[in-house]
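A.B. asks: Please assemble the complex out of the two chains, which come individually in their own frames, going by the hints.
Residues per chain are reported as follows:
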Amino acid sequence: MKAEPDTAPALRLRNVSKTFGGVKALQSVDFEVRSGEVHCLAGENGCGKSTLIKLVTGVYTADPGAELQLFGQTVDSISPTKARALGIAVIWQDLALFPHMTVAENIAFDEMVGLVPRLTFGHRYKTRVQAVLDRLNVPLNLETRLGDLPIAQRQIVAIARALMGDARLVFMDEPTASLTQSETDSLLAVVRTLSSQGIAVVFVSHRLAEVIDISERVTVLRDGKLVGVYPTEGMTQSRLGELMTGALLENTVSAQDRSKAEPVLETVGLSRHGEFYDVSLTIRRGEVLGLTGLIGAGRTELALALIGMKPPDTGETRLEGASVRFASIRDSIARGVAYVSEDRLSLGLIQPQSIADNTSISVLDRILNGFGLLSPRRQTELVCHWIDELAVKIGQPKDAVSTLSGGNQQRVVLAKWLATEPRLLILDSPTVGVDVGARAGIFRIVRHLAEEGLAILLISDEVTEAMFNADRVLHMADGRIVGEYDPRTTSVPELEARIYA
Amino acid sequence: MRDFFRTYPVEARLSVVLLLMILGLSLGTDTFLTLGNITSLLNNNAVNLIWAVGLLVVLIAGGIDISFAVAASVVQYVAAQVFMGTGGGNWAVGFLVAGLLGIGLGMINALLIHGFRVISIVITIATFNAFFGLLMFFTKGRNIYNLPDWWTDRIFIFERQASDGTWSELNLSVAVMIVCVVATWGLIRLTTLGRQLYAFGDNPEGARRAGVNIWQMQIVAFGWCGMMAGIGGLMQVNIAQEVVPNALYGRELDVLAAVVLGGARLGGGRGTVLGCILGVMFVAITQNGLNLLGISPFAFQMIIGAAILLAISSSNLSFGRLPRGATAVAKVGTT
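If you read the sequences in order, they're chains A and B.
According to my numbering, the first sequence is numbered sequentially starting from -16.
According to my numbering, the second sequence is numbered sequentially starting from 168.
Everything labelled a hint here was simulated from the structure, so no lab data went into it.
Here a beta-carbon is modelled for each residue, glycine too, at the ideal position from N, C-alpha and C.
Just so you know, not all the hints are guaranteed correct.
Partial list, derived from the structure: chain B residues whose beta carbon lies under 7 Å from chain A [as the list claims (entries may be wrong)]:
#1 Leu357
#2 Thr358
#3 Thr359
#4 Leu360
#5 Ala366
#6 Arg376
Not close to chain A: a few residues of chain B, all C-beta gaps over 12 Å, as computed [what the hints assert, rightly or not]:
#7 Ile227
#8 Asp316
#9 Arg321
#10 Trp334
#11 Val387
#12 Glu409
#13 Ala473
Covered stretches of chain A, as calculated for chain B (at least 3 residues, CB under 8 Å) [what the hints assert, rightly or not]:
#14 78 to 84
#15 98 to 110
#16 237 to 244
Chain B with its partners taken away, still in its complex shape (with noise of 0.2 Å):
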């Protein structure tokens, strides 16, 4: 448990944080540890979290990418075209074609990064207004109704029926964020690839050194959070039963800022895919809770952003350190 508090002191944080505000809201209030309540929030965040692994890729390599909420609702629209235009499809390839687009737009990304040596933040803020300003010309703004069946039928993958006769269910995007989140976990864990990515946004002169190949490095983190974003897109599309090309546009800070609340570090090297879990969590349960609460949702925004502040600033005054400075006084004092 020490080990944890040391090792991810921003992990074990917002864990304890969470834990008070799910003991408040659960005492405080009588609707929020509900099995209806927990399963919309499951449903409401599935994408977010989707989203929200594939940015944490980008950004232990050291990188950041802002355009990846406007690249799914490119995903989602390019998508619908070629159902449409083939005539159907199934969920089967609309994985593959979500998800080859996503990787797709990911590479424009690594691709112009890596050839232009230009940091990703800018080339991302680019892409950001290049993908979105297509979008809306292509589009004329218009909303897509006409979508194939197998996309907009619900499919649950839970549901249960309360003695007041109101349904809980999950659906199938909840299951999606779950392998979504396993595979990042075994990505960035579990394989070679991973510990590289950590290492080159760690310390990027030192990975190159080492011989580690920083074009497939750029490829894989780009590659990754754009295919999370196409499936993400896909996701979104199943749970709003239509494509609306500006849905998505602004969505990207939201997940950054979860994703950031979750320690990991914007100068790269850092994060961990628990982290990223509790950042969602944490945006989710605010939100829901000062919904429950009866607070203005305006207060909403203020409260995110002062978190973000408070953990940021707080992570320069690690709690972990704070028994080896005291050590330290104390040496000095006996020399």
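Same shape as in the complex, but just chain A (with noise of 0.2 Å):
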């Protein structure tokens, strides 16, 4: 039976099972995305996503008895090159672009491949670049070098690679993970662009907002398992993180007063120029304390003040009531200070080396012996200790903090900082990059960390984190501190509003 075009699906799989070793990936899932959708997957890391994305792009081979149908047409075998000639590209979280490249090499790179040498020109490919580029309405310099561009911009890049392919099916892995928001609000109107030009996508996002605002239809998975395809008119993210945890998640405000509380950090008229002005704030023992704002607006530079990094030209710093200059992080770190960097991949960790050295390495002061040697016995105890305390999922404390998953390895961030004992921690955008489940880890750490006493400032992108966790959230706007909200008395659509306004 053959449908018709035009209302055949895009993709339909049937009864996809996967298997590795003795593990099952995933277990006869059924996926169907229509042309011209925006269809979301959903669920955890390790969840099966990534599967069943390398499985309809030919990079595995699903177990017998699965069911493909890409365009009204059976397929019964899939290979990469095939996925590529029959219109499917996968946009990679790394982007597999070339940064040495121009923009058009890297447009017209799938042009280039192929065993048997061509001449090629460059005038013959850039008036079809250029095509593609106005298709998207996104103005490029098509000779400016990749890697001088930002990343929002190597995505729009990505995108227009894969049709430059002819796609008419587009995957699309955590597009945003890297994103500021109106980064991603601009990608996000392209990805409608797509959508309206009959192309479908398939957008993987962990950030479930955007997952509601762009896809008509999200299809969720959990433990290799389908949950279910549902709508997303009138969905909400609460209910759309409990279909992907498979547990209710506590997204109600958190917020008490803390107003009684001692203050750990006070600032008064803060300011450095071109980054943020007179800014004043106190941050008391067992407070979180929002920062939000658009991107720009000056909140990191505002922490690095804080730590010593970017030393403020005016202003006054007071920890627990004494004035405080700090020239050097090591300053800052001695008095208590800590900073989780926004980057937690490239910024926070060293990837190749071991957990256990990670968690030590701002403490290593602490851990010698009588010699004045490192002591791996009071290693151990204290890796240990905060392995412990952060309930983070390892094999061992000497396997490479790489071969965590995003939600752990920012725990061991968390125990790294931990560890120099602060009482003001200072973190900026702990989630990016995160899923659901280890988001709710994460924040349940948080609250628990100010129970204990330590005041906390929370930096977020995004607002709904920011006031389901904090207990003021503070608006940053142009480098100055333009509102101060309870998350009692204020609604996020309310904060939305005002942020975005």
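C.D. replies: See below:
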């Protein structure tokens, strides 16, 4: 039976299973994407999303019994080359682009591949590259080196490259993980453009707000099994999170009044030219202070000033009542201020080194023996204590950090800084690239640390995250604190309206 | 022009430096800008440039080859045996034999690198030692003077007698150099193979996922470098009139220095034929200039070393980025 091309789904999978060794990564999953639809594939890390993508694109072969239909045609077996020829493109999370090549060379690259050498001339493909960019409605200079572009524009290049190969079904694996809110918005606009041109997009993201916003339907996977396919109209983030984790997530305001507690950090009129102006704030013992706002508002710059990496020009910082002026990050660590950086993967951890070494690197001087040499026993004690405390799921402390999942890596970063026994903990976008279940775990830890008396400054792009987990939320815009909100009396849409106004 | 400075910052800066050097030497000496000096510069550096464009292809593909100069010596020795054994030969046979022998030696590198998944610097240091050891063992370090006439006869592609009676001429190696340079430019800029080589050097995993055949990339890169090594070796005999087993030992680092000065990135993915030409010119003119100015030849190595340091460290302070950095600051200031 052959369906009409107009009504045939772009992709229909029936009874797809995949077993690795004895582990069932996918168990008889059905999956369908209509032409021109934006379809989200949701689930926690390890639920089988990537396996599914790799089966459709021919990287893996499904277990016998699976049925695969592409654009109305039954396909017996699929290889990466065949997938591309059929109009399937994947935009991998790491983009797989070439930083030293130009935009045009990157977009046209797939045409250059092949065992038999051919002559190629720039002007022959440049008009077509320009046409593709025009279709996406994004202006990009074709001769710019890719490496000189911000990550958001590289993403556009990756999409254009897929279109250059006449893709009709595009998989996007966490395209927004490293994008800011406004960059995400422009990417979502491009995704809508694709969809309006009849291209089906399968979108994978950990940001549930985005999933509900962009897609028409969402397929939820859990532990390699299909949970269900749901329309996103009327879907809430907490309902979706529940479907993904199979557990009720506490997405409720947890704010409490901490105004009686003694202040840990106070700043008065802190300014640094070109970055932030006249910032006065107070963080108290046991308090989680949220700091949100658009990217470029000066949030990270403020954090760097608080830890002494970029000292402020004017203003005063008081730590537990005493005026301080940190000259370096070592100074601030010694005085009990810890900063967990935004870019966990590249700045927060030394990926190839062990979990134990990563955890203890900030406190090496505290694990010395009587001879002033590193004591393996003390290191093990320290590491085991924090792994236990933060419930990090690891094999062995000597395993490389790179073997851990995103959520567990974030816990190791936390452990590293908590080992310095801080009084103030600054968390800069702690959940970027972390899935829903692991996010909840991280915030449970954050609340727990606050209960124990730690003062926490939580910087977040996502308004919901700040509102649900902080006691008070500051809104920063153009380098100034422009508002303070109590999550118990302000709703999320209200604050979002102010921020994106 | 601004585009050239932004897209090829190293090449652009090197051309400015070269221009200044040429200007300075032309005004500072009365011997630099003479036909005799320029032709001898070309004759003396033709072989270096042939090797340089070969090495460039390997660098673009993300590899490095330490063994090519010694490989050229091996080609010279084996080719000499072949010609004497078969009783003669001619230039056509010469290019064929030297090219094929060179490709063969390059294949050994490619095979070891791809087969054992070992980085190219380790493999080519090993083959560098192996090639040289075998060569010294079989030749017992003796020079070969008894070579076919066609090989050692000088062929001039240009000659002119000045009014004072001195001859200026360009020999065959300059013509061969031009062919090698143009062929390499064509390979890396005009063919799909070239695009794949750049991509493979830039992001090997990305290239692999796009369907680039990694094995083919290694074969092309090291094969091309080997072929250029062989052809360079053939021409070097034509200039030197003899085969000296250890004559080329150490030349690999001079060529590597010139190519790196010309902007080829040791990590792969970047490098141009123009940069290669400029790099070789820079080394040659520095040496020539010091000679003409009567400065100790020992200063030469020091200056080349300093130039490499300066070139590599200044490429991190890219001038093309300065205006953009300034606008970024301005933008933050207004937000």
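A.B. asks: Holds or violated: the hint that Ala366(B) contacts chain A, with Cβ atoms closer than 7 Å.
C.D. replies: holds (5 Å)
A.B. asks: Per the stated criterion, does the least C-beta distance between Glu409(B) and chain A lie above 12 Å, as a non-interface residue requires?
C.D. replies: holds (38 Å)
A.B. asks: Please verify that hint: Arg376(B), Cβ, nearest Cβ of chain A, below 7 Å or not.
C.D. replies: Nearest chain A Cβ about 5 Å off; hint holds.
A.B. asks: Regarding the assertion that Ala473(B) does not contact chain A, is the least Cβ-Cβ distance greater than 12 Å?
C.D. replies: holds (26 Å)
A.B. asks: Please settle this one: Trp334(B) was flagged as non-interface, so is its CB more than 12 Å from every CB on chain A?
C.D. replies: At roughly 42 Å from the nearest Cβ of chain A, Trp334(B) sits farther out than 12 Å, so the non-interface label holds.
A.B. asks: Return the status of the interface hint for Thr358(B): holds when the least beta-carbon distance to chain A is below 7 Å, violated otherwise.
C.D. replies: With a closest approach of 5 Å, the Thr358(B) hint holds.
A.B. asks: According to the definition I'm using, a residue is off the interface if its beta carbon is farther than 12 Å from all beta carbons of the partner; does Arg321(B) meet that for chain A?
C.D. replies: About 36 Å separates Arg321(B) from the closest Cβ of chain A, which puts it past 12 Å; holds.
A.B. asks: Hint validation: Thr359(B) versus chain A, beta carbon distance must be below 7 Å. Holds or violated?
C.D. replies: holds (4 Å)
A.B. asks: Please check whether the region 98 to 110 of chain A has three or more residues whose CB lies within less than 8 Å of a CB on chain B.
C.D. replies: holds (count 6)
A.B. asks: Going by Cβ atoms only, is Leu360(B) closer than 7 Å to chain A?
C.D. replies: holds (4 Å)
A.B. asks: Run the C-beta distances from Ile227(B) to all of chain A and say if the shortest one exceeds 12 Å.
C.D. replies: For Ile227(B), whose nearest Cβ neighbour in chain A is about 10 Å away, the distance does not exceed 12 Å, so it is violated.
A.B. asks: Please settle this one: Asp316(B) was flagged as non-interface, so is its CB more than 12 Å from every CB on chain A?
C.D. replies: Consistent with the label, Asp316(B) stays out of reach of chain A, its closest Cβ about 38 Å off (over 12 Å).
Hint check: violations occur at hints 7, 11 and 16; the rest are consistent with the structure.
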